[in-house]
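Engineer: Join the two chains into one complex using the hints; note that each chain is given alone, in its own frame.
As they're listed, the protein sequences go chains P and A.
Here the first sequence is numbered in this note's numbering, starting from 1222 and rising by one per residue.
Here the second sequence is numbered in this note's numbering, starting from 2 and rising by one per residue.
Hints are computed from structural coordinates only; laboratory data are not their basis.
Incorrect hints may have been included.
[Said to hold, decoys possible] With a Cα cut of at most 20 Å, we get these calculated EDC-like pairs of lysine to aspartate or glutamate:
#1 LYS322/A <-> ASP201/A
#2 LYS137/A <-> GLU1290/P
#3 LYS137/A <-> ASP1357/P
Quick caveat: nothing in here was measured; it's all calculated off a predicted structure.
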Amino acid sequence: MTTATTEYRKFLPEGIPSSQMPFWESLKAKAVKVQRCDNCGAFLYIPKDICNKCHGDQLTWTPISGRGELYTYTVVRRAPTPAYQEEAPYILAHVTMDEGFRMIAKLKGVAPEDVRIGMPVQITYEDVTPDWTLMDFEPAPAAAS
Amino acid sequence: MGRLADAAVAGVYQTKQGDLSARPQPGVWWECVRGACEDAGIAVGDIDGLIGDGPSGVGLRDMMPAPGLAELLGHPIRFHSRNYVGAGATAAGLNLAAYAVAHGLAEVVLIANAVAGQAEGYASANRDEAVAHMAKLSGPYEYVYGTTRVSDYATLAMRHMHEYGTTSEQLAEIAVAQRHGATLHPLSVHGHRGDITVDDVVSSRMIADPLHLLDCCSINQGGGAIVVTSVDHARSLGRHAPVAMLGYGEGHSHIDPNAVESLSEYPAAKVAAETAFGMAGVSRDDIDVAGVGDHFTIGVLMGLEDAGFCAKGEGGSFVEKGGTSLTGRLPTNTSGGFLSFSHAGICGIFTLIELVEQLRHEAGARQVQDATLAFLNAVGGAQQAHAAAILGRV
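So here's chain A without its partners, still in its complex pose (with noise of 0.2 Å):
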């Protein structure tokens, strides 16, 4: 034992997507345990790992999640830990599952991310708390000012553009693409509005120049789950193809945005990728599917960018004519992503559960054919700290 890639996905689970406020959230969080157990065919007794947080508690519940697992579960939970990684967690946490599977420190381990009932701050169902809770996030030397967290993103895309023509219609593109995909996942939050265009989004309300509203990321509520064991369980239980981390990777650069030296090229997105591509043994033409942040549209197209999926500035017209969609060369966040799935919590699980499906072969109309390999980039912040992962069909 010792690799990462002795580790496997088993089962995943997402409840709808939107607003969850009339719902407890400790309740929504075990539908997601006992969702992701039930299709991975694993009791919930049989949990004996926990990355990240658990029901939302007070006191010791709150900074030590798995003591308050392991009494209502009767046996002692072997492995915890979390990181704070933003929307990067759950890739981030992956891989903390797999190392403590791969290590004999757990058999099956859980994370599990829930967003509902009247929670407050970037968790609340109330767009304009949390609009004013996240703009804070940036520090008092940025926050004075009324900077946002699309106002970030903003000044990332409007650098980009300056330096290599970017578009509005191109990032658009990605928006389009991803929306289509959101049509075909009856979970996700935005899938109902149906298709847009790259007109629709260009002529969408501004909301901070170049980025307009369907640049941005939904606020919603929402939750989901997986959990990990090893290929051999995995493998056992015979209800799906496991799907493996072949490859890990992480970049984490800054916190000061005046503290690097360019804001539209990060070298932490290239080193995350450069380390889950040699770990796992790859190129980049050997995947089929990818999973890139997308808070904001241009996340997408600098994140396929900086993992070298094209050259520096040639983003644009990567995604151009559909460069990401479900038929495209690359086909990125097929469920909808943050855009139009989902962007609750520690989103980056709905990106990860959605490879999963995409490699399990069960995305239904958002199949991509014959997927085997997947590569997931999981941002935290304003592209500040990065998790890559290669996933594979195993």
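Extracted from the complex, chain P is given alone in its bound form (with noise of 0.2 Å):
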């Protein structure tokens, strides 16, 4: 492997089973997609194996907007090692996607005393290794009304 991933010192995903490489590959193409239950509509995230809403199991791939709003957050002062340290304070965000389910990510781009739930965020990417990207949100302008 390259540099890039032996430097790399945060943890990366292990054990994702190929059924939910997708979702992986689709951050990496910067146009994040989730599975959509093909019967009643859902989107599900994280990956699972059948609709949690119906119990449907065709499941699409699906775009989405990448929009929602600050549904909960924390700022972590105390990470779990030293390289998530480096970095702390950080903010871990859950956001409603305007699609109605929710994500779990970093928020940046926003000082933690200016955070309130309820604000309106969108997703970024950032290629942290040559084989993994992963998502942040960052604040997005008020949705036009």
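Structural biologist: So, in structure tokens, the structure goes:
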């Protein structure tokens, strides 16, 4: 592997089953897709084996808007490892996406004291190694009414 | 036979909680077993049932602890089962033990928990190693972003505050009440540090907003064990008032925190409590003392709400002014709980043992007067699995 991989000292995804790789590939392509149930139309995240609304088993990887609003958050000041601690304090966000499901990632581009539950946010992407891209959130302009 | 309430906790034992890294784990495990049997007045050789793990071992000894125990006791173990509900495993294990006794599958059932020695991962005496290990429990869709066990609960607390106006000072009341209990318990990990105030909690270092250091459980080692037998047998031993499980219920809801509607209210906790109260045929007002999973202060507040001791959103005012203290409306985690007594392994065993001591009227300076009924809500993960029990002095 490349030097970049050995230098990235934070956790990378492990044990991802091949059935869930389309999500990670969509991050790499910077066009996130999540599963959508063919039967009831629910968006599912994190990836599921069956739809947790109607129990249908026909799920299709579907592009999403990438926009949502902050449901809850925390500011991590005591991180899990030294590599994460270098970044601390950082904001972890649970976001209700416009499609009605929640996602978790870091929220960047805003100071901890300026974070407000309900604020509009959007997905951005970060290539952390040649193999893996992660998503983040950043503040978004308020939706046009 | 056949009623869970026909079984009773007859013996309990706990080590001093703290750093046991200098002692091999099996030695601590056996100390707990001997201690619980001695407390009950039962010979170690009378054990014929086991719930959960045996002393640490490798290969088959780890996978199948009952045969390993049987070869040392010199007779077959007649019942073994285990569950994986994290800290809630003890309450869930008590149900399995009571089931075995009530159905004649075993007469003396042991549940033991020992965390000691040069353990790796979550059982390590090294805080940094334990924190890093536990951070990865949540799975790759969370841990890549640097989540921790604290951040898991912090996001719940933040949402609860947003929806209901719960304050850091209200959460701090829980830690203050529990620390006082720990100062009255000689085996506690933090009691020697003395009492703390609400101001101490809210001015302690922030770990993950809005949870401060003193909102968080200890990371330590320690051991404890209980033995369960029939109520009649326990009574005939004449050592202590038998403590029976009058009601029991479980609720399991999710792993992925995105998969539940709300992060401030847990239907699974409600299901567990409803089942337990229904089986016992008692009401919330009948409960004298409680043990509620307290990895973080918010866990107690949400646990009391979801179990129905107050309306949703009113947990903050319930715990205010010492509501969970020894003299409050519902004394909770009176030994200090995970926050101040011990958070080691399947630490729900310590919560359970404290309730047993309360119901025996053997809790010393922590005694809740005339305690006859207790509520236990044991939590696994970040509110993902719940096991609720009603315990009674019988």
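Engineer: Hint numbers the structure violates, sorted upward?
Structural biologist: Going through the list in order, the structure violates hint 2 alone and respects the others.
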